[in-house]
Amino acid sequence: MKWPRRSRRACARSEVMLNRMGLIVRGLAVVLLILAPVRLAVAEEKRLPVPAVAIRAGELIRDDMITERAFAPSLLGVAMFIEGRQVLVGRMARRALLPGQPIPSNAVEDPWTVARGAMVKVVVEDSGLSIVTYGSAMQSGAAGALIPVRNTDTGVIIRGIVQPDGTVKVVDGS
Numbered sequence: 086m087k088w089p090r091r092s093r094r095a096c097a098r099s100e101v102m103l104n105r106m107g108l109i110v111r112g113l114a115v116v117l118l119i120l121a122p123v124r125l126a127v128a129e130e131k132r133l134p135v136p137a138v139a140i141r142a143g144e145l146i147r148d149d150m151i152t153e154r155a156f157a158p159s160l161l162g163v164a165m166f167i168e169g170r171q172v173l174v175g176r177m178a179r180r181a182l183l184p185g186q187p188i189p190s191n192a193v194e195d196p197w198t199v200a201r202g203a204m205v206k207v208v209v210e211d212s213g214l215s216i217v218t219y220g221s222a223m224q225s226g227a228a229g230a231l232i233p234v235r236n237t238d239t240g241v242i243i244r245g246i247v248q249p250d251g252t253v254k255v256v257d258g259s
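Letter by letter, the sequence shown follows residues 86 to 259 in our numbering.
Hints were generated in silico from the structure; no laboratory data involved.
Cβ atoms here follow ideal geometry from the backbone N, Cα and C, with glycine treated the same way.
Possibly wrong hints are sitting among the right ones.
[Unchecked claim] Computed Cβ-Cβ distance ranges for the label pairs, DEER-style:
#	residue 1	residue 2	range
1	Gly175	Ala155	22 to 28 Å
2	Ala203	Asp257	20 to 26 Å
3	Asp149	Lys254	35 to 41 Å
Work out the full structure, taking the sequences as your base and the hints as a guide.
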């Protein structure tokens, strides 16, 4: 069987069509390669609370200071970041927190009940006997924190647990 001869012009047209089809197929393949990871990244992104404004160390965090932002898991790495807005509100920044940046879990703490250098009431209780004196807090602390206090009368350093009312209750053996 003999194939019909085609003119050069017809061959050129079919070659052009094949080239166009090849370009279209390659273009679609490139688009799919670009969009597939983007689609996966959008599906895997994690929304975290971030400061809307700069928050200074020692500043109490209010609800209006926090917003949310999406992060790709690959950008977050293995660090532990705070994942809920409710964990932040009412707590205090331990260091400066920058707008738009995720907040590490160790960057916030409960607000201090006692500030470093403040005069505090020191209470020692033993067998129904209660002794009250005053001292200078050598470290800031929230309720429940163990802090050193310098007795203002004797200069002796004792350790005690900060109470919710701001007094320091001496720990046995201090």
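Given the hint of 20 to 26 Å, check if Ala203 and Asp257 actually sit that far apart at their C-beta atoms.
-> 24 Å, holds
Has the hinted range 35 to 41 Å been met by the Cβ atoms of Asp149 and Lys254?
-> 36 Å, holds
Kindly confirm whether 22 to 28 Å is satisfied by the beta carbon distance between Gly175 and Ala155.
-> Check passed, 25 Å falls within 22 to 28 Å.
Violated hints are absent here; each numbered hint is respected by the structure.
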